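Each chain is listed here by its residues.
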Amino acid sequence: MLKITNLKVNYQKQAIVKGVSLALDRGEMVILMGPNGSGKSTLANALMGHPHYAVKSGRIELDGQDITQAEPEEKVKQGLFLAWQNPMAVAGVSLTKLVRELNLFKNDVVSVVKSLRQYAKKMNFSDSLLLRGLNDGFSGGERKKLEMLQAIFLAKKYVLFDEIDTGLDVDALKAIAKEINLLKRKNLGCLVITHYHRLIKLLDFDKVMVMRQGKIVKTGGRALAEKIENHGYTSI
Amino acid sequence: MATPVSDTHTQQWQFRFGSQYTLNAKKGLDYQLIHKLSLQKKEPDWMLKIRLQAYEIFKQKKLPRWGANLSELDFKNIFYYLKPHAAQVRRWEDLPSDIRQTYDYLGIKDAEKNFLAGVSAQYESEVLYKSIQKNLSEQGVIFLDTDTALKKYPDIFKQYFGKLVPAADNKFAALNTAVWSGGSFVYIPEGVKVDLPLQAYFRINAENMGQFERTLIIAEKNSSVHYIEGCSAPIYSTASLHSAVVEIFVQEGAQVRYTTIQNWSPNVYNLVTKRAQVQARASMQWIDGNLGSKVTMKYPSCHLVGQGARGEVLSLAYAANSQHQDAGAKMLHLADNTTSRIISKSVCKQGGRTSYRGLNYIKKGAKNCQTKVICDALIMDEKSRSDTYPTMKIDEQRAKVEHEATVSKVSEEQLFYLQSRGLTQERAQSLIVNGFLEPIIKELPLEYAVEINRLISLQMEGSVG
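So the protein sequences, as listed, match chains A and B. Going by the UniProt record's numbering, the first residue of the first sequence is number 1, and it counts up by one from there. Going by the UniProt record's numbering, the first residue of the second sequence is number 1, and it counts up by one from there.
Isolated chain B, as found in the complex:
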């Protein structure tokens, strides 16, 4: 097969700043910028107050001493707020040709390509978007960008914003609370079941791919929704720090599924706090795929607070070159009969590093809980590394706890075995990776599964030395 894109990851992603950025914005963060940002957004005073308090906390909090290496992260050298139009000045022609070729290889439509590349801030399918919106609003569903939601539904907003992930939770949650912009706001009324997945990229908004997205999802009693964030196609970003916060409230008997496929360019620190509160008989499923970025630290969590609540995380990580994917999950069992499952699959190659980091906690007095962790790592070569950091904190006797972990290496013998069946070494590699990830990939919506499989074969091509 022809190799459309060189695998030299760094080359592929050769990072260029649009000069327009430097004209329109200033690096670094101070009170003045937060005031300006809030004013420009015409926010209520209480939000400005929250932002300023969060900024205080951000300044006081130290960087986490565990997890990935963040020592090269320079807070002074980051743009914290770009006016929407500033993000649109980049031209398609300015993108590195390799990225354009990747989009072509993945078969992404022009309109979508422009959106992903940040050339156009809109995914130009307004007709489709409008019909989806009409259908949703008839059911009473609210699906807006978070900024607009703050203006239109301040009461719901105030009730939930920052209640699950307070600014004081960690340094990056504080930063996000101080400078958040964009993200999605989803409200599903009681008993409403949304059939089609809600996809962030149908939501037309200039700040869609913001650095500091804030997403808030409220699923009322017995409702259900599947929300999809990001996409498996590489996202070319000029910002080196992405720090989102996602808060999800899953009320009694409701079901929420949240799918993320993160594929930022390899200059990006992706430090995200994602948390769901799950009430009685409700269920929450996170599907969390991390393919891109330089460093990712992300551990989607479920606080199982109601009897019989269920939480699940399917985590998929891929690290090449000097990438470090530090990903995992947290399950907190705070009520009786709650169940959880974490399945993590990671692949590292060419000096990449994957770490599984997880917490399973059963509170004393939360009876008959069940929690299970399966984490499997695949190491493609000698230069790459994988670690597992599971924490089990079980304070209740009556509990069922299971933990399985495997680390496997792709051996020359395995590759030769498939070669002796007629595959090239590259295709043998991608088939092995594909087979390893299959249990998670088959849970993804079909179009994502197809894209991820293509992306994996793309990464494997030309990579065998």
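Looking at chain A on its own, in the form it has when it is part of the complex:
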């Protein structure tokens, strides 16, 4: 279980996340919604250990281990993965190179590259992008597909998707929703941050949580998501 207890996070000395508690089980999918500026991305970045987001108090536990202060790479090792909202461009460091550097697949680089290609094809993602620097000159949609591809290959237990759906066309959205559902079926816990019902309705989720002004204000099911879609956050 990924367990967050009363987490408070500052960004540029301002309190953004003001005491969030939530639990995510393996094989569970939680949708996190909320108006702009409610602290969703701050929460995701702080969970991963972004240096610009200071955890002021509270606790992050992963399968019983306290990882609140752990280095990001340590969190990855423990099984946490973040798919970024605005992933960074790194010239000259391709996904193929990254996978080799991580040495996750021992010497079997050939078959990894082969299956990377298969997944790329499924998402209508050009092969040549696997050899180009990460996100370097990628379109918005390509960046999101690359994040998804990395989630598939690198996430071990829990994945945070921070607005994976922005910039995607309809077909890509469907393909990505399918992959998120597959990850859930493979017993990964998924926290999906999104604004859009068009993604939510494709997902096989268990819970919807609504964040507002740094706090979780409501938890519900599909009906809650539909209400927000139809009547906005003011209706709840």
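If you're looking for bench data, these hints aren't it; they were derived computationally from the structure. Here the structure is a predicted model, which means the values were calculated and not measured. For each residue, glycine too, the CB sits at the ideal point set by N, CA and C. Each hint can be trusted.
Ranges of calculated distance between the beta carbons of each label pair, as one might list FRET restraints: (1) A/Q69 - B/G351: 25 to 33 Å; (2) A/D66 - B/W66: 56 to 64 Å; (3) A/G37 - B/G351: 37 to 45 Å.
With the hints as your guide, set chain B onto chain A.
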């Protein structure tokens, strides 16, 4: 990963003088020393004359007012000539342990280590060396140290020596001409294509790593050769000034590639003049990597004098701590249809400084020339600095000129992005640097590419504060 070597660069390179040096040689330069040097080498009179004239010029010439800061360079406090055996008295055990560990980390063989460290002046692979030499001489190729070449081939020597880089070119060319010792002499006969790269360290010679190397390469019509100077492993030097001159004559239709990886210890001023004259339809490529030294000033040049001549420089610079790499290239288009390209990539960190300095010149009346410059700098932290000094002097209308320059900083966000994929911050840094340099590194011979990549990760380890 374990950190075998501390990154405190200065500590790593803690500089020690072998006391033997002071017994065997005298600091400073005068006429007497030049006479003595020439006599010891049993040189012809004309060479002594050239040396003495060059010394005159050296004394008159001022230090360049542009480029890196050379104000701490004290000409009186330098050894200008060490007898070969003096360079061999240092023992392996006398080397700082960090340097020994670096060699181990790079996986350099014992014999080679001793050579690099200056413990042995010979790279002990005589068998290999001899078979290479036999193969070359069957093709009529001459590959010797420059001193021996002067004795054995005085006519070729006289025809080319100092013709491209005359002593009066600059203060350091004058100094080199006055006191040169060692370096390589390469002569490739017409139509001969040398398959294997010629590596300076296969050439057994006591003065191989000399301070004032003089290299002369002549590639006759339609011949081709790849010459490799230096190596990416750090070279421990006790001399604080290295000032080499390289002259290359690329005759019609010939192809020459010259690869340098300079990694002197950080006490060294590395002030080098490198120039090639490129005839019709011939091509010259300089691959110039500068990793070490305290100050480097080096701008490999191509004088494109024949129609359709082509010149290329791939320049790579890395500066850490108080290092300053002032490097670049010069392309002079002096004939029709000549083309050139300069690609420069530099990385600075921990207060290092990199400068790209270049000249692209198209002479009036040299029609349809094309010249292109791409220079990219990567700055790793706030303490470091990078500048670009491009000069474009285009005196002909019918020309195609392109210039692209980028400066990028490694951001915390970028590092965190790679960390969020499972890399430590140090490995993220070295991967970013590696990715940035890749376009040049992939042009290097494989073993050099591997060594440079290892060296970069070594430099990045333990460096994140």
